[in-house]
Structures are given as C-alpha cells and as structure tokens.
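J.: All chains should be built: construct the whole structure from the sequences, respecting the hints.
Same order as they appear, the protein sequences are chains A and B.
Just so it is clear: in the first sequence, position 93 is 216 by this note's numbering, and no numbers are missing.
Just so it is clear: in the second sequence, position 158 is 218 by this note's numbering, and no numbers are missing.
Keep in mind that the hints were calculated from the coordinates and are not lab data.
It is possible that some hints are incorrect.
To be clear about the criterion: a stretch of chain B counts as covered by chain A if any three or more of its residues have a C-beta under 8 Å from a C-beta of chain A, and this derived list gives those stretches [as the list claims (entries may be wrong)]:
1) 167–176
2) 235–249
Interface residues of chain B toward chain A, partial, derived using beta-carbon atoms under 10 Å [to be verified]:
3) ARG92
4) GLN219
5) LEU220
6) LEU221
7) CYS223
8) ASP224
From the three backbone atoms N, C-alpha and C, an ideal C-beta is built for every residue, glycine too.
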Amino acid sequence: MTPDRFEEHAWADVVPEDLVQIYAPYQRETFVGPRPALILIDLYNLAYRGGPVLPITMQDQYPSSCGIYAHNAIEPTKRLIAAARSAGIPIFYCTSDQRPFAAPQGVGATRRRKPSAAQRLPDDFEIWADFAPQEGDVVISKQRASIFQGTPLISHLNLLGVQSLIVCGESTSGCVRASCVDGYSNGLHVSLVEECTFDRHELVHKMNLFDLHHKYADVMHVDEVIAHLDNTGAQKVAAE
Amino acid sequence: MSERIWDKFLTERDKTVLTAAGFGALADWGERPALIIIDVNYAFCDEEPKPILESIKTWRTSCGEDAWEAMPVLQKLIALCRDKGIPVIYTTGIRRADNWDSGSWSWKSKRRGETPVLKADGRDGNEIVDEIAPGPRDLVVLKQKPSGFAGTPLASYLQLLGCDSIIVTGTTTSGCVRATVLDAFSLNFRCTVVEDGCFDRTQASHAINLFDMHAKYANVLPSGEVMDYLNTLPQGLFDLPSGQGMGTRAAAE
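T.: Here it is in structure tokens:
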C-alpha cells in the first residue's frame, strides 16, 4: 500500500494525532517481500473455545480464548491459506509444545497462571479444524512466545530459500509480536495480515499492531496479500 | 582426489569404516556463497612469520608460520570475491579491557589473562592483519565465542544477502572454523572449507578436523578448486554494502 495510506488500519480510531505525528518517519510503502512463507501462529483450539462471544464473558471457563475476535478471523484466514496453497509457498504452523518431560517448571509462552485441570482439554493445542495442516506443511512445536525461539524454523527457512514472512494468528501482543520481531531480527521482511490476527482485547490488539507496523512489520490487509499471492501464482503458471 | 592431508593420521580400519559407512561424499555447491574469514588477526598470526614456538612466547594463540602460508591464499580468494561482488565477511574477537567477558575461555588456558599488544603500533591482538585488511564493502562480525554465529548478527547478514552457502577460511581449524561450520550446517547453509586457507596451532588437529568436516559437514577443497567454482558464478549476484563513508570512519578512528 502506498505511504499516504500508511495509517489506514485497525488502530486509526484509538491512536491520537500527536502519536501519528511522532511516528511519521516510519511511513513507507508496504509490500510482501520476495520468496515468502506463510507463518500461522498458534491457531489452536484453545483460542476458539466458547464460540464467537466477548472473551470477558467466558473468562473463568476459557481464559485463553479470543472468542469473537478469533471467530471473526476464521473466514479471512481460510482465504489466506487457500491463496498461499495456490501460490505454492511454504506453510508453517506452530503450536505449544505439550510433551511431558519437555521443559522445567515455569517455562511457558507467557507468565499467566497455568489453567486448572478442569479448564484443560486433550485437544486444546491441536490446530483448529478449518485450518488443518496438509501434507507438506510444517507444524513447529514451541515452548516460548516466538516461533523462532529454540526451534528449527530458521534452518527450515534457509533450506527452502525463504526470504520473507507473511504472518498471522494470535495473540497480537504475545506470540505474533514476538515472532514478527524475531523474523525482523533474523533479516526477513515481515508482512502481518491484519484481518487474520487477533488478541483477547481490541485495544491491546490495535496498539500492538500499531507498534509492529511502524517498527518491524508491514501490516497489510488480507485482500492486498491475497491479491499479491494470486498474482505470484498466476505468474508461476504462466512461466510453466 | 589423491592423497589428503589427513590420510597419514588415519588407521587402516578408519579408512575402511568411512568408505563403507558412506561418509565423505561431495555435496553440491550452493548458488549464492559468502566468503568467511575466521579470526585471521594478530593474536593468531603474530606480526610476522615466526616459528611457532618462538611466536607463542608473546602470542599464546599464535599459529606461527602456518598462518603466513595461508595468507597469499586468502589474498587471492578475497580479491576474487571482491571482484565478483561476492560477500566477504570477517570475524574477529572483541573483549573488555578487564577481560571479564572471557567467561568460559578462562577455564582452559593458564595464560588467559595475558593481553599483549602489537610491538609496531600498540594495536590490539584482535585487529585483523593488514595483509588482508577488510575493505569498505566487506563485513566484520565481532564475536566472543568459537562460532561466528554465537551471539552475533552473522546469520541475519547471510539472510539479508540471500546466501545459501559459505566458504570458510581462517583459524583455528579445530576451534572457530569448525564451530562456525557446524553452526552453518545446522542452519542448512552449504559449507566449503578451503584446505590451504585454514590453519591451526597443532598439525594433527588441523588434519583431523579437516577430515571430520569433510566426512560430515562440508566439502574440504584446495583453493584452486574453490576459485574455479567462484569463477563460474555470475557477476554482481549480491546487494552488497555500498561502503560509502567507511573510509572516513576508519580514518577518524
């Protein structure tokens, strides 16, 4: 998207004018970089529990659910994944490493209290069925917030010659943010897909998107990213 | 290939096992390499070629004359890569004046506390030797541990440059060269080690580490073959640093 539409995103209604001015030097053209891979952060069942309602209304039963925000992102995410498959780009998922004996006490993606036994279900960390991984996809198990931390992701990306990332998933303030920053620090161009990214509260979501967009990633609308992928896919077909 | 530098150190059983187990195959070259020069600084080379036993009196890490034998090889490789626009990346050490950050290094050397400087001009032993001094468009990675990747931006530089492979030279073969090759291998970069562009303090370690790397992680090849390969690459494959302002900065320092 062109620099003059740089602030046309989810945060527009909460970010005051003086803040936009302070961040004016970050304005630039946003784009999907060369040789991208799709990175789907933590699209596991736990994030969708309790259905499309406000997370606060089911805080006791499903404290990890993003409720309505997770469900609103389902359709655009399905479209994004379909476009990535058509374009033939590598697809990486991640989920929480729940293997027994995998980590000492206190290791986790955030400092939140552990859920009670009653709050846990055996398929909590399986990928939401709408996005079920397919043959050839890679699912990374991680113990911390970033998909890079302590995982073989960067080796896989090198092997495939990946040079940029298209990121989406949850939560904007946690694992998405950590993964975008690590992607950027590893020298990869990062595009973050707004409509396919979510958190448990709008304000946190918007401010983290704002931070990421200005400093580390190009926050882009799902239609722009899909158009880009469709275009690459079409070029590939034409070349063949 | 005819006789290799490590052959004389191997037992007959070693040779048979290796062949039977299928190690040591020649891997494909990459398409986008970077030249890596590990730690060719004064602490490892001394200020001039001196017999190693003499040299280590001042520079406990010196590799003596072997370092200077590799120097013309490095000069040729560096000149060719600069000419072709292939990234040239140096590593060297960096240390606090009080040596606190030597950390684990102090656990295995009785002479760790020594911090000699150059007789000629008082420079630090971590200075890369003038004969192969970094140019304005080269990259220098400062490190504190054996691997060029440990706690450094090296991996992100390779990513930014779009490298798929590294060509490794420098010292010591058994220490920082091997550690860097191993980490690159773990990151899925293809590795070539230039046999006559590497050196070590101990001859047996040099040979056997080349042997190990050739068996498992890298193609260990003489510089002639590496240069033949580099010559097949197209000109200007990389978006290298412009080098703008680097001369002035060096002069200001």
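J.: Tell me the hint numbers this structure goes against, listed in increasing order.
T.: 1
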